[in-house]
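Novice: Below, each chain spelled out in residue letters.
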Amino acid sequence: MQMPETFERWFAARGWTIHPHQRAMLDRAGAPALLLIAPTGGGKTLAGFLPTLAEIAKGPAPGLHTLYISPLKALTADIGRNLRRPVEEMGLPIRIEDRTGDTTRTQRRRQRADSPHILLTTPESLALLLSYEDAPRIFAGLKRVIVDEIHALAESKRGDQLMLGLARLSSLCPGLRRVGLSATVEDPPALARFLARRPDPCEILTADPGPAPDIAILDTGAAPPWAGGGGRYAIPAVLDQIARHRTTLIFHNTRAQAELFFRDLWLANEDALPVAIHHGSLSREAREKVEQAMAAGQLRAVVCTGSLDLGIDWGDVDLVIQVGAPKNVKRLVQRIGRANHRYNAPSKALLVPANRFEVVECVAALQAVRENDLDGEPRGPGPGDVLCQHILASAAAGPFDADALFAEVTTAGPYAGLTRARFDACLDFAATGGYALRAYDRWQRLKRQPDGRWALRDPRAAQAIRMNLGTIVEEEKLKVRLKPARGGAALGEIEEAFAATLTPGDSFLIGGQVVRYEGLREMVVEVSRSPGREPKIAVFAGTKFATSTRLSDRILTMFRAPDWPDLPAHTAEWLALQRDVSRLPERDRLLVETFPHEGRQHLCIYGFAGRNAQQTLGLLVTQRMESAGLAPLGFVATDYATLVWGLDEVTAPADLLDATGLRAAFESWLAGNAVMKRTFRSSAVIAGLIARNLPGTRKTGRQATFSSDILYDTLMKYDPGHLMLDITREEAMKGLVDFGRIEAMLARVKGRIDHVRRPRVTPLAAPLFLEAGRIPVQGAAEQRLIDAAADRLMAEAGLA
Amino acid sequence: MTAHPLTLSGALLSALPSGALYWAEAGLLAVADLHLGKAERLARRGGTLLPPYDSAETLTRLEAEIARTAPQVVVCLGDSFDDDAAARALPPGAEDRLLRLMAGRRWVWIAGNHDPGPATLPGTHLAEMRQGPLTFRHIARPGETAEISGHYHPKARLSLGGRRVSRPCFLADAARVILPAFGAYTGGLASDAPVLDALMGPGAVAILTGPRALAVPMRPGRAR
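Residue numbers (full-length UniProt numbering), protein chains in the order written: chain E, 1 to 800; chain A, 1 to 224.
Note that these hints are calculated values from the structure, not bench results. These numbers were taken from a predicted model, which means no experiment stands behind them. Note that the Cβ used here is the ideal one computed from N, Cα and C, for glycine as well. Do not rely on the hints blindly, as some may be mistaken.
Just some of the chain E residues that point at chain A, by a computed CB distance under 10 Å [unchecked claim]:
#	residue
1	Ala431
2	Tyr435
3	Arg457
4	His722
5	Ile786
Let the sequences and hints guide you as you build the complete structure.
Specialist: This is how it looks when you write it as structure tokens:
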């Protein structure tokens, strides 16, 4: 396709020349699917939209022409602004609107009646639109779909849901063309298969990646602590960097660490540099305020988490600081890309290892970034829970033919390998619940009509199905508000599990303030300001990624060296100390340490198998300890080790780690454990077995709702072959289990287990004590503790 | 199985680990909030299709408790059925199992807020019941004494140095005992909820259900 003259003039007037990849997108405007890989700031979005603008400019017609989908609501608004400018300056008759969860009812209704030319939306809003009966009319005439930041969507179930939505759209709009945009892709052909409608081809366009980033470890002049998270030791050096740059983004891996860092940064901020905090647990108002101040150039730094990984063109960011090991090279590259959104200028980034082990990880990650060795695990086939939701949403849109829906679903990349039997099982689940017990006619959500099509038994159920759409299942959270005023300022949210550990008088950090817990009222956590007190640390569950095998191997290779000239002296000394006190882990051996600490016996297994596999190892080992009567209490896993604690000492760890026993334990383990129950809950919500807890539906009288654990236990007992349990197993295997990597590690080790007993925590084990995500073991030890606690409490209360 | 002994107005009671209450002297077993037919009611109303095994599970627990205590009287403290229609249309087999349990003993259905309607099953249907010094009713009344009730599904949390346990529990003080819900698909109301705090006197205990009945102070933070 030729670029219209108006466009040429507009480019020329601004002194711009069209990038080769932008030209290439125009040249291939007719391709059924295209994947563009271009660096941030490389005019990627405009490249995606150019064919649309050119087509509408040449032959304006009413109705929807292009659908733009991004993972972030904020991004749709930002893209809208950036796109309207050239459209207005070129005087093009093009209407651009966004539609997200924040769009008003009135506007949404109007959009359904009178579509703009370009609609900017999110996967969830698209799923909702497709669930309306008038979806065919809304999307009639749609020509192109642009999926932005497609690599981010492809990492989660949101991407699977989106691809099912695009399959539907392709049926509604034959000839629909798809474009995927991304800056960081480790496996472009896999992403192309994910995007394209089967069997359409998908060409991959790669833009000039621009100059290599300027990236280093921040020199603080001081050693990181022996253990600890958050990198607070580096605050003076970080403040110095903030002062020397226009705008700095300071990324943290967890919200709790961001909070602690932010508080201490302010305490040390003698020049009162304007610094703010941004993360997903803060109230929307608080986040928007920061975003606006940032856009207006009023802030010198923002302490943030993954909430700023993607999206908004902050423009003036000229430095990114990553605090804590990045764990994942792809994410690190993405974050580095947040600095300097100008093409052909290197992004500048500094890494701050939070402790000495992280120094090793950071050095390994730096090497990987320089070699552009991105990590990432293939996600495997599309999950069943998302398909169940899609089937219900299809029924909400109107009666459907099962054969046609199956054919359509299998055109979606993630569901290309879906078997008819699996599809039918999901359909049966959506229709009847899919239970082995078939006695009742009341278990019918979908019914077969005389014409053979499936329809909702009760059309009113469509509303409930729409309310439940989406694949993001969050932990139960409670709002935090300031007392005394009713409706006092909302500070943010904390997880219910954390709130439950608070007793009045406890203090914790939120939004950079220390607050005192006053009580829980109508599911709102009431707090008062309480400056100057040492706070508890709020536990916010965050997404955790496993380090790739390649990154782990880099670290183990580093350990083999006789000395470490590349590492800072403090870290080299620490490794040497570990070598003296115990030993360093080796690639073909397995190091296991045991030591007592604070009244508990500890067992540390250095498998270097990645977080998920180390977590599974923790589950299996604690299960075997439980049956051996060793009273395990819990464990925590990181990418390199699993730390187990319990009441009794483990004297023969090799017995716990033989491959045959572990495999047997694995089978029975799948039945009853916390990870499976957590996975079950989120799959059950997505599949529509349990309703989401929507804001406002939860009141103080909670007798009516019960925990999803009860459903899990019931199914395990009465219907162990149920589809939801299959799906839960599959999802746990994919995300949280990674058993294959344990087997690979044990096969490599071949029984060469080195057991080191020490009287206290070893240097290498120390950081594990600060890891979040401790998993309790429900077993005999728990009852022992309950008994002791009950005796003590009764005695204290004078009731015994 | 270890029960927890309680005394209420001179009656010696046992809080059983299952959540049932046994009064040996009167040969009386009390259970609260069975919510039989809950999954069925949700399915009937076009809601979610929960696993249809809750009634069977609840009855299995009840059978075990009756086999263990062989009571002459069974008192169901209301909300025995998830609604009146659920009582009329029990899942297949459930009604037979109930009738078998009722055979040869006195069986009292106390009316609950979920199942206030007319009776379809045999047994005695009462708004409340007095026996000896005790009164059995669905919802506790402030100011009453010697009262056994259900309704609230109380649940207690225990902090154990960084970890928490949450279990259905009895609440007991000098004036009353509130039973936990016995039904399979039942959630709970935290024992520190204001309504329970207002009902229960100082020195109230929460008796956790589980492998054995275990008493803890209902308000551990406010020990005297």
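Novice: Please write out, lowest number first, the hints stated earlier that are contradicted by the structure.
Specialist: none
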